[in-house]
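S.K.: Keeping their order, the protein sequence lines are chains A and B.
Counting along the first sequence from 1, when you hit position 113 you're at 112 in numbering that gives the first Met the number 0, and nothing is skipped either side.
Counting along the second sequence from 1, when you hit position 320 you're at 319 in numbering that gives the first Met the number 0, and nothing is skipped either side.
Derived by calculation from the structure, the hints in this document are not laboratory data.
Accuracy of the hints is not assured; some may be wrong.
[What the hints assert, rightly or not] EDC-like mimics (lysine to aspartate or glutamate), calculated; alpha carbons at most 20 Å apart, straight line:
1. A:Lys89 to B:Glu287
2. A:Lys83 to A:Glu61
3. A:Lys158 to B:Glu380
4. B:Lys338 to B:Asp274
[Said to hold, decoys possible] Which bits of chain B does chain A cover? Going by a derived footprint, with three or more residues having C-beta under 8 Å, they are:
5. 131-145
6. 192-204
7. 253-267
8. 342-349
[As the list claims (entries may be wrong)] Quick list of simulated restraints, FRET-style, between CB atoms:
9. A:Arg162 to B:Val57: 27 to 35 Å
10. A:Lys108 to B:Glu387: 33 to 41 Å
11. A:Lys108 to B:Glu284: 42 to 50 Å
12. B:Val191 to A:His69: 47 to 55 Å
13. B:Lys338 to A:Ile102: 30 to 38 Å
The beta carbon of each residue, even a glycine, is placed where N, CA and C say it ideally should be.
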Amino acid sequence: MSDRIEVRFAGFGGQGIALMGRLVGETIALHEKGKTAIMTQSYGPESRGGASSSDVVIDTTEIDFPKATHYDYFVCMSEEAYTKYIGRMKERGVMFVEEDLVILDAHAKKASKIFKIPATALAETLGSKLYANICMLGYVCANTDLFKEKDFMKVMKDKVRARFIENNIKAFNLGKNHKG
Amino acid sequence: MSKKTEEIPDILTGEYFTTGNLAVAEGSLAAGCKYFGGYPITPSSEVAEHMAERLPQVGGHFVQFEDELASIASVLGASWGGWKSCTATSGPGYSLMVENIGLGVMMETPCVIVNVQRGGPSTGLPTLVGQQDVQQARWGSHGDYEIIALSPNSVQECFDLAIDAFNYAEKYRVPVTILMDETIGHMSERLVIPKRSQVKRLNRKKPSDKPGQQIHLPYEADKDLIPPMAVAGEGYRTITTGLTHDARGYPVINASAQKKIVKRLCNKILLNKNDIIKFEEYLLEDAEYVLISFGISSRAAKGAVNLARNKGIKAGLLRLITIWPFADEAIQEMAKKAKVIFVVEINNGQITREVQRAAAKQKADVYGILKLGGSIHTPAEILKEMEEKI
C-alpha cells in the first residue's frame with residue numbers, strides 16, 4: 000500500500016528553494032529507515048527568474064511517479080509562488096508560509112492548518128536573508144513528522160560550506176522555536 | 000587537478016542522494032572510463048561538468064570540443080588509443096554525432112554515448128523531457144547495422160547501466176547508447192555505489208599474435224564474430240577504415256566483401272541477444288492488459304498497473320531495459336496471452352510501431368498511450384486511456 004506524501008517548496012529564484020528540497024530529500028532518503036524519497040526541481044524557463052519550486056515525494060515503497068501533483072504539504076516563500084501553486088495543494092493540506100511575503104486569499108481556506116513565520120526577517124537578525132530557507136525548514140521540522148532534526152543536521156553540515164554552518168544552525172533553531 | 004590522483008578513487012563506494020546525470024557519470028568512471036570528449040548541451044550538461052571534475056582525479060582526460068562532430072570523433076580516437084571513452088549529449092548533439100557513430104560501428108570501436116533526451120525535433124524543448132530519439136538511436140546512421148541502446152528508469156540504474164554499457168561496448172566492439180531523459184537526468188534519489196569487488200569490468204579482447212610482425216589481421220573475427228582489438232602503440236600493424244574492408248582492414252569495394260562484413264556486424268549482436276536484452280516483468284503472470292514502457296515513462300506505467308489492479312483490472316508491465324536490440328520474442332509471447340498491449344512513451348509512437356511489428360498476427364491489440372515531449376505521464380492519465388480501450 001502506498002503511503003505517498005508530496006511536499007512542494009516554492010518561492011522565487013535566489014531563496015534557496017532547490018536546496019530546501021535537496022536537503023529534505025536527502026535527509027529522508029538516506030536516514031529515514033523504510034522510506035524512499037525523490038526530489039525534483041523546476042527547470043527551464045520557469046526557473047529563470049520568477050517562481051522557483053522543488054518537490055519531495057516520500058513513500059514507504061518504490062515511488063512510481065516522481066513529481067508532486069497534489070501536495071500534502073505546501074511550503075510557500077513568495078506571493079507569485081502562492082498564486083501559481085495553491086490550486087494544486089490537496090484539500091486539507093498543510094501550509095507553511097513566509098508571512099511577510101505571502102498574502103493569503105480564499106484559496107488558502109482549503110488548508111487544514113496554516114503555519115506562518117517571518118522567516119526572512121528572522122534570518123536577517125543573523126545578518127543575511129539567505130538563511131530564510133533553513134529557518135523555514137526548522138519551522139517545518141518542529142511542526143511535522145517529515146524528518147528528524149539530527150538527521151537534517153548531518154546532511155546540512157555535509158552540504159553547506161563550512162563558514163555558513165553555524166549561522167544555518169542558528170537559523171534552523173530560530174524556525175524551530177518560532178510560535179506561529 | 001584539484002587533488003592528487005591517488006587520493007580519490009574511480010569507484011566512490013557509498014550511499015548518495017544524487018541525480019541521474021551524476022550517477023551515469025560515476026557509473027562510467029566505475030566501469031573504467033578514462034576519456035570524455037564532449038560539448039555541453041541541456042539537459043545533459045551536468046554529465047560533462049562532473050566528468051571534467053572527476054576524470055583528472057582518476058588519471059583520465061576530459062576535452063571540451065568546438066562541437067559534437069569533433070567530440071564523437073575524439074571518443075572513437077581515444078578508444079583506439081586504448082582508453083574506455085564516452086560522451087554525453089542531447090537530441091541536437093546526437094544528430095550531429097550519428098555519422099561518426101556509424102564510423103564507430105564499421106571500425107568496431109567500443110564507446111558509450113549518453114543521450115539525455117529532450118523534446119524535438121531540432122532544438123525543440125531544450126529544458127523539457129522527451130523520448131523521441133529512440134528510433135534515431137537505432138537508425139540514426141546510414142547503412143545496415145545492429146546497435147545496443149539501454150534505457151534506465153532510476154538514478155541507481157543510470158549508474159548500473161553505465162557499467163553494462165561499457166561492458167557491452169568492450170565485449171561486442173560496438174558503440175552503445177544510454178537513452179536517458181531530462182526527468183531521470185535531473186531528479187535526485189538514493190544511489191548506492193558498490194564496493195570495487197562487486198563491479199564487473201570487461202575489457203576488449205587482445206590479439207593473440209605477437210606485435211611487430213608483418214602480417215596482422217585486425218578484422219579477422221574469432222568464432223564469436225568479434226575480432227580482437229589492438230590499440231595504437233602496441234606495435235601491431237593495424238589499418239581501420241569506414242570503407243567496406245577485409246580481414247586486413249584494407250578497403251575492398253565489392254558486393255561479397257560488403258555482404259560478409261555487414262552480416263558479421265549484425266550477427267555479432269543478433270546472435271547474442273540473450274546476453275544483451277534485459278527487461279523487467281511486473282505482475283505479468285495473469286495479466287490481460289499489458290503495459291510496455293521504458294525510461295521515466297515506465298515508472299508512471301507501473302503506478303498505472305497498481306491503480307488498475309486496485310480496481311480489479313488484471314494489468315501488468317513489461318519494462319524494456321534494453322531498447323536495442325529489440326525484445327521481439329518476449330513481446331511476441333506476451334501478445335499471445337494478453338488481450339491488449341499498451342505502449343507508454345513520450346513520443347508519437349516510435350516503440351508502439353515496433354511492438355506492433357513484434358506482436359503482429361498474435362491475439363493482442365496494440366495501442367500507444369502517447370505524450371509528445373514536455374511532460375511525463377501520470378499513472379491516472381495512463382489508467383484513463385487504458386479504460387477507454389478495455
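S.K.: Report the numbers of all earlier hints that the structure fails to satisfy, in ascending order.
M.R.: Those not satisfied are hints 1, 2, 3, 4, 5, 6, 7, 8, 12 and 13.
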